[in-house]
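Novice: Sequence:
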Amino acid sequence: PRIFTYGHTDDYAAMITSLVKKFPSTHIISVGFSLGGNLVTKYLGEINVPKPSNIIGAVSICQGYDANTATTCLLKWQNFQRFYLYVLTENVKSIIMKHRNVLMADEVKRKYNLNEREIIGAATLPDLDEAYTCKIHNFPSTKELYSWSSCINYLKNIEKPIIFINSMDDPLVPEILLRPIREFAGNYFCFF
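Take the sequence shown: its position 5, counting from 1, is numbered 170 in the working numbering, and each next residue is one higher.
Where hints are given, some of them may not hold.
Said to hold, decoys possible - Straight-line alpha carbon distances no greater than 30 Å define the calculated DSS-like cross-link-like pairs of lysine-lysine that follow:
| # | residue 1 | residue 2 |
| --- | --- | --- |
| 1 | Lys276 | Lys308 |
| 2 | Lys300 | Lys263 |
| 3 | Lys300 | Lys258 |
| 4 | Lys274 | Lys263 |
| 5 | Lys274 | Lys258 |
Honestly, the hints are just simulated from the structure, not real lab data.
When you get a sec, could you build the whole thing from the sequences and use the hints?
Specialist: Quick look at the structure:
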């Protein structure tokens, strides 16, 4: 048992595998929005993850591409970014607490050295990830967790056509997050 994370594509891969088993002749265009856009993109770029040939392309909509840079942006007070991060943090804590009998059972707390007070008291998502997610998934820090999770680090391995769609005035995905994907698209793909 584990809580959803920004970079784990296992569940997505299982869904695709199941879909292809049920409909072996189907063609798939994967579409992801925000965190889902990261998952779709990362999944397509992971080199040790077998992907069915049924996937013919993908669309990623309104994602930030790099969790380390995105977190830095969200910690600022501009455009309600900090408020969004607060709401996101509280929602994740709520999920953990709702399922605490499994996610924070005594044996789980002992095994991963979890401190329930630190988890409940986390004010930001990086605080929560430091207190919970990094420990559960064996990452030494949020920086390593966010680097591993970010699709920006997997783009060069993508072999299928993919469309990246972002709004120029998205209050949660500022210009600084779009520069690397623009550069990548300019070097590897055609775009309009």
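Novice: Which of the listed hints are not met by the structure?
Specialist: none
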